[in-house]
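A.B. asks: Could you build all of it, start to finish, from the sequences and the hints given here?
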Amino acid sequence: MKQPADGKKIQTRGLNRRDFLKRVGYASAVALGTCGLGLALYDPKGPAPAEGQKALTGLGDFSRRAMAVGQAKIAIIRGTDRAVMVERGVKALGGMEAFIGKGDRVLIKVNAAFATPASLGATTHPETLAAVAGLCFKAGAAQVLVTDNPINNPDSCFEITGLAAAARAAGARVIAPRPALFVPVSLPGGKLLQNWPVMAGAFTGVNKVMVVSPVKDHQRAGASMTLKNFYGFLGGRRNVFHQDINGIITELSQLLKPTLCVLDGTVSMMTNGPTGGSLSDLKDTGTMVVSTDPVAADAVGLELLGRTLADVPYILMAEHAGAGIADYRRLNPVLLNTSA
Amino acid sequence: MARRKAKVGAAQKLTGYGILAVLGLIAVGLFIQQSRFNPAVIVAMRAPELTGRPQAVAGPAQAATAALIPEVEGFAPLAPTQSYGPETLSDKIDGKAELYLSAGFKEMSCRSFGLGDPGGAHVEVLLYDMGSAPNAFAVFSGQRRPGSPGSSLTPNAYATANALFFTQGQYYVEIVADRASAALHRSLEAYAKALLAKLPAAGETQDAAALFPEEGLVRETVRLCPTDTFCLEGLNNVFTGEYSLKGGKATAFIAVRDTLEQAQAEAKRYLDFLAANGYQKVQAPGSPGDLPVLVLDNSFEIVFVEGRTLAGVHDATSLAAALELAAQLRNALKGKP
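Those protein sequence lines, which keep their order, are chains A and B.
If you're matching positions, the first sequence starts at 1 in the working numbering and goes up one per residue.
If you're matching positions, the second sequence starts at 1 in the working numbering and goes up one per residue.
Derived by calculation from the structure, the hints in this document are not laboratory data.
Heads up, a few of these hints could be off.
Derived DSS-like pairs: lysine-lysine, alpha-carbon spacing no greater than 30 Å straight-line [to be verified]:
#1 K249/B / K283/A
#2 K22/A / K13/B
#3 K91/A / K257/A
#4 K102/A / K91/A
#5 K336/B / K246/B
#6 K7/B / K22/A
#7 K336/B / K249/B
#8 K334/B / K268/B
#9 K334/B / K246/B
Here's a subset of chain B near chain A, in silico, CB distances under 7 Å, partners left out [unchecked claim]:
#10 S90
#11 D94
#12 K96
#13 E98
#14 A161
#15 N162
The structure displayed is predicted, hence computed values, not measured ones.
The beta-carbon is built from N, C-alpha and C at its ideal position, and this holds for glycine as well.
C.D. replies: Written out as structure tokens, the structure reads:
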């Protein structure tokens with residue numbers, strides 16, 4: 001038995017029933033108090049939007065803020081091994097660490113538009129996705145998310161294209177579209193994007209955005225590459241925009257400034273795009289483009305398709321809108337050959 | 001009265017403080033997260049009425065074409081049949097939908113199959129009802145892969161290394177595998193035959209190539225352009241065929257109209273369109289019937305009317321090729337209504 005300083009007798013022994021009940025009572029009171037406080041603070045309406053705000057005005061600027069003087073902005077890599085080409089291209093632009101910091105949450109926008117196997121070239125190749133996601137994690141990304149809105153049965157699209165498996169293998173998570181992810185967006189000065197549902201919810205907590213796209217012919221747009229890939233953020237009956245495909249892609253170029261674009265022209269769909277279907281629609285064009293500038297990347301892709309800027313008007317339109325530089329040679333691209 | 005104090009060991013205390021610390025960290029995390037509230041969610045909570053309609057969902061397979069897609073031994077269905085109408089076609093084939101819609105598309109059903117063992121080939125069958133045989137030929141010919149060999153499946157059929165494409169009456173069919181092999185090709189052909197057995201008989205199929213003079217014609221290039229031929233709005237239902245001639249390359253075109261006046265009016269409209277786009281008349285002694293020849297940047301055009309048929313030569317690479325093809329074409333059309 002111990003004698004306390006105040007002279008009171010304190011009996012020390014193991015926890016008895018009374019003490020236990022008292023402690024349970026105290027703990028319950030604290031828990032209930034915390035819940036009550038939470039309920040009192042709970043605001044079912046959420047924070048008020050900015051005055052006059054009815055819709056988002058864009059998806060954000062995720063471009064790299066400070067680039068070292070003389071740092072290359074675009075690399076064009078020849079070869080056949082997608083992983084090697086991506087790695088070499090990113091390295092030429094300063095390495096993935098120049099774009100991704102520790103703890104970053106990265107969203108990768110792929111083209112998963114069709115539920116067709118990767119061999120048909122209608123979607124982002126899973127090897128390219130795996131390479132990009134792997135480099136992001138290696139650079140310290142805390143989370144890598146992969147998304148697209150293919151409209152028709154997204155689960156099938158991600159599974160059959162092999163993109164879901166590639167994401168899983170790399171440790172990334174696929175975000176399939178669901179109604180809660182779509183919010184209205186009105187692009188300031190936009191003619192087409194007004195109160196249109198856009199998959200902004202996929203950007204929650206994201207601070208870096210990669211766009212990984214294939215090079216394809218496109219019946220309506222002339223070509224489907226990086227900028228056309230932004231189309232996959234749109235919800236609703238977006239086919240109405242096919243009537244002004246150049247206009248909508250130009251507006252989409254204003255919606256988002258990605259951190260990095262990877263345009264995979266290892267195999268390009270030369271004809272019958274965007275669906276293709278025959279292996280004879282494809283051609284080995286042996287080129288990967290890694291670029292901070294989506295317009296410049298698409299200008300390179302256009303050459304792989306044997307087309308000019310006059311054939312695909314939205315590229316120059318996007319340049320005039322300030323989304324990038326169509327004359328990619330002005331950016332002094334780093335030219336690499338991984339086959340050598 | 002003696003106050004009893006429960007004995008609390010150092011390990012228990014440490015555990016307790018640890019739990020409190022974790023709870024504190026969670027609380028701090030929640031506060032930080034709340035301070036970065038996603039603006040998208042704010043907007044979503046006050047979403048105005050959207051201009052765009054809700055997400056489209058592939059319709060249930062109630063379309064007539066769904067019943068025409070057979071189940072064939074060895075082809076294991078991977079998913080139920082899906083069907084699309086004019087409103088939803090782009091949900092399946094995106095930007096290519098316009099090609100079908102402009103050609104009179106009615107509905108399409110498709111189904112995926114696995115062939116052989118798990119990990120075997122993935123095969124997708126797409127059956128389009130185009131409403132009429134010419135419409136089906138329009139989408140068939142508009143996508144024909146150059147250099148692909150014809151197939152004996154139907155009069156309008158060809159094969160590529162991994163796929164079969166053909167028409168039967170008003171139906172256009174694509175059977176596409178994700179890889180190529182001789183054995184797989186035989187399986188695709190077997191499936192195509194089973195499908196053809198379920199399609200209504202086509203009757204006599206028009207050989208579009210027979211419309212054109214044979215000499216120099218590259219048969220696989222014969223196409224039916226349903227709308228806006230040569231970028232001229234409203235110039236519809238025009239057959240075209242590419243020629244390789246002694247004098248160079250050229251495209252012949254033929255469009256049968258209901259009346260002579262209609263054909264003449266369209267000929268004039270096309271000539272005006274060419275002139276408005278900078279084409280100039282050139283002297284062409286020896287042109288058949290002294291037809292006017294127009295040129296722009298070494299691309300030659302000849303337009304004429306024979307009976308109710310609007311015809312001509314488009315994008316000839318030389319004057320000689322343009323004149324040669326125009327003469328052939330005129331002879332072939334002479335005497336036809």
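A.B. asks: Need the status of pair K91/A, K257/A: alpha-carbon distance at most 30 Å?
C.D. replies: Answer holds: K91/A to K257/A is near 21 Å, not above 30 Å.
A.B. asks: Against the 30 Å threshold, does the CA-CA distance of K102/A and K91/A hold or violate the hint?
C.D. replies: holds (18 Å)
A.B. asks: Does the interface hint hold: is D94/B within less than 7 Å of chain A, judged Cβ to Cβ?
C.D. replies: holds (5 Å)
A.B. asks: Take the C-alpha atoms of K336/B and K249/B, compute the straight-line distance between them, and say whether it is at most 30 Å.
C.D. replies: Measuring from Cα to Cα gives roughly 26 Å; hence the hint holds.
A.B. asks: Given S90/B was flagged as interface, is its beta-carbon under 7 Å from a beta-carbon of chain A?
C.D. replies: holds (4 Å)
A.B. asks: For the pair we were handed, K336/B and K246/B, check the Cα-Cα distance against 30 Å.
C.D. replies: holds (27 Å)
A.B. asks: Given E98/B was flagged as interface, is its beta-carbon under 7 Å from a beta-carbon of chain A?
C.D. replies: holds (6 Å)
A.B. asks: Tell me if the straight-line CA distance from K249/B to K283/A falls inside 30 Å.
C.D. replies: Measuring from Cα to Cα gives roughly 25 Å; hence the hint holds.
A.B. asks: Given the hint that K334/B pairs with K246/B, does the C-alpha gap stay at or below 30 Å?
C.D. replies: Roughly 23 Å between the alpha carbons, so the hint for K334/B and K246/B holds.
A.B. asks: Next pair to validate is K22/A with K13/B; report whether the Cα-Cα distance is within 30 Å.
C.D. replies: Roughly 17 Å separates the two Cα atoms, so the pair holds.
A.B. asks: Given N162/B was flagged as interface, is its beta-carbon under 7 Å from a beta-carbon of chain A?
C.D. replies: holds (5 Å)
A.B. asks: Measuring from the C-beta of A161/B to each C-beta in chain A, is the shortest one below 7 Å?
C.D. replies: Cβ of A161/B sits 5 Å from chain A, so the hint holds.
Every hint, counting from the list given before, is met by this structure.
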